[in-house]
Every structure is written in C-alpha cells, then in structure tokens.
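Construct the complete structure from the given sequences, taking the supplied hints into account.
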Amino acid sequence: MKTLRLIPALVALLWFSSIVSAQCGDAKPTSPSAKPSQPEIPAAAADTKSPAQQYFFVFLRRPPNPPQLSKEAGDKLQEEHMANIRKLHAEHKLVIAGPFLDNGDLRGIFVMKAGLLKEAQDWANSDPAIKAGRLVADVHGPWAILPGGIHETDTPNSLEQYTLLVVTAGGNWDPKSPEFQAVLSRHLAYLKKLMEQKTLALAGPFLDGGDLKGIFIYAVPQDEALKLEQEDPMTKAGYFKLEPHPWATAKGVLAPGQPLK
Numbered sequence: 025m026k027t028l029r030l031i032p033a034l035v036a037l038l039w040f041s042s043i044v045s046a047q048c049g050d051a052k053p054t055s056p057s058a059k060p061s062q063p064e065i066p067a068a069a070a071d072t073k074s075p076a077q078q079y080f081f082v083f084l085r086r087p088p089n090p091p092q093l094s095k096e097a098g099d100k101l102q103e104e105h106m107a108n109i110r111k112l113h114a115e116h117k118l119v120i121a122g123p124f125l126d127n128g129d130l131r132g133i134f135v136m137k138a139g140l141l142k143e144a145q146d147w148a149n150s151d152p153a154i155k156a157g158r159l160v161a162d163v164h165g166p167w168a169i170l171p172g173g174i175h176e177t178d179t180p181n182s183l184e185q186y187t188l189l190v191v192t193a194g195g196n197w198d199p200k201s202p203e204f205q206a207v208l209s210r211h212l213a214y215l216k217k218l219m220e221q222k223t224l225a226l227a228g229p230f231l232d233g234g235d236l237k238g239i240f241i242y243a244v245p246q247d248e249a250l251k252l253e254q255e256d257p258m259t260k261a262g263y264f265k266l267e268p269h270p271w272a273t274a275k276g277v278l279a280p281g282q283p284l285k
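Take the sequence shown: its letters are residues 25 to 285, numbered as in this note's numbering.
No false leads were slipped in.
Calculated cross-link-like contacts (lysine-lysine; reagent style BS3-like; alpha-carbon spacing at most 27 Å):
no.: 1; residue 1: K200; residue 2: K217
no.: 2; residue 1: K117; residue 2: K142
no.: 3; residue 1: K95; residue 2: K285
no.: 4; residue 1: K100; residue 2: K117
no.: 5; residue 1: K117; residue 2: K222
no.: 6; residue 1: K275; residue 2: K216
no.: 7; residue 1: K111; residue 2: K142
no.: 8; residue 1: K95; residue 2: K111
no.: 9; residue 1: K155; residue 2: K117
no.: 10; residue 1: K200; residue 2: K265
no.: 11; residue 1: K216; residue 2: K265
no.: 12; residue 1: K217; residue 2: K260
no.: 13; residue 1: K260; residue 2: K216
no.: 14; residue 1: K217; residue 2: K265
no.: 15; residue 1: K251; residue 2: K216
no.: 16; residue 1: K217; residue 2: K275
no.: 17; residue 1: K251; residue 2: K217
no.: 18; residue 1: K275; residue 2: K285
no.: 19; residue 1: K222; residue 2: K260
no.: 20; residue 1: K100; residue 2: K275
no.: 21; residue 1: K155; residue 2: K100
no.: 22; residue 1: K111; residue 2: K275
no.: 23; residue 1: K200; residue 2: K260
no.: 24; residue 1: K142; residue 2: K155
no.: 25; residue 1: K222; residue 2: K285
no.: 26; residue 1: K275; residue 2: K251
no.: 27; residue 1: K222; residue 2: K275
no.: 28; residue 1: K251; residue 2: K222
no.: 29; residue 1: K100; residue 2: K285
no.: 30; residue 1: K155; residue 2: K95
no.: 31; residue 1: K251; residue 2: K285
Hints listed in this document are in silico derivations from the structure and should not be mistaken for laboratory results.
Keep in mind that this is a model prediction, so the values were computed, not measured.
Encoded structure:
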C-alpha cells in the first residue's frame, strides 16, 4: 500500500523535473525572495535542503453566505486587503496575486512561498477579507514550480490578462499504467515547447497526491489556450480534466500576457 500511495508524488516529481529548464530558461529570477536555481540538484533534494523554497497555491473563494457590507465598509475592507497583499509581498511571503475576471465563486489566487502548508494557510488567513468572512482560503501544495518563471515588477498597478486552467483527474487517470507513463513523457515535451514559445507562462503539478493535479497559466486568450490544451497528450488521452478561468496579475510578474479587457 505504501508503494501505491507514492505513485502520484513520483509522477508529479517527474513532471516537475522535466519542465525545470523550460520554466527557468537563461533568465535569473528577479524576485527578492527567489534564489538562483541549481539545476544539478534534483528537485526532491532541493526541497529537502530548502523547505522555504516550496510554493503553495491559494484559491480565494467566496463563501456561500458572506456578510453584507455597505459601500463604505466594502471600500475600506478592499483597501485593507490590498495593504495586506503589499505587506506579505514585502516580507517575501507572497510572490503572485491576482483576481479572477469571470465573477464566479473563485475570486482570486495567492502563491505563497513557505516551508509548510500550515504556514501558507496562516499567512493567507491574515487577509482582512478572510477575517471578515468575505473570502475563504483553500491552500494546495506544494506546487512544483521554480522561481525563474516569477519576476519582480515595476508596474504593480498595471494588470495583464491570462488564462488559468485548473487541472483535475480525467476519467482515464491511472498513473500506475504503462500507457500513462508513455503519455506523460510526450506531455512533458509538449509543455516544454509551449514554455519556450512563451505561450505557457507558468505550469506545475501539485505534490500532495490530492484531487487537484496542477495549474497551467497560459499567456493567450481562453479559446486559444483550450485549443492548445486539446493537443496536450494528457488531455487527448483523457487523463486531464480542465476548468478554464480568465485571470489577471501585475504586468511583469509572469511572461507577457494579454492587455486587460
């Protein structure tokens, strides 16, 4: 039973290690919280030696019955929410933040840099909008990305639009099958090509073996992103189920996206 439970994590680590070069390229990370990567060290070893280098993905959700606020109170809470984002970033805890643009229950994301999931959860829960009951933080991870794809920006108040794909297991998901491993290899080559083309801004699997398999952030409009993902060997084989969302973050944080509509 222990061997079977290890399979999802091993698949995720293979995915991670195979897209390292495409995410990092030749550029050095410019985030003050990011240290230059060392490609000669395996991903698993790097995580063991430097747990603070782990990344955690946070969905900010609207709860079923959030408290109603006056416009004045809502504006004040938004100011406090943004001030807390700036504080977490200045403390090198928050490396990406941005809102979803489709007005659903998913309101935004944080990407935290922490040693443990609980630490990332505590930092997310420090948000005044979460304390006020207007948002709920769902934390997932570790999320296997490298800081080479994340940058500091000189334009924090200027947003660019992306397509964020939430990846869960498709109907044919079976990481124990020989066919799965063969398809995974072709998938990795496909992702690497998209990253080299700057079509795919950031991607990575989750290492916790949960229902959420990964996040892809495309730098192209949603229809184009979905068209590209239909050519992904993992999607074609029925191993991935995709949920697309329009999303935005500050210009310069990731590879160039689209003008905000």
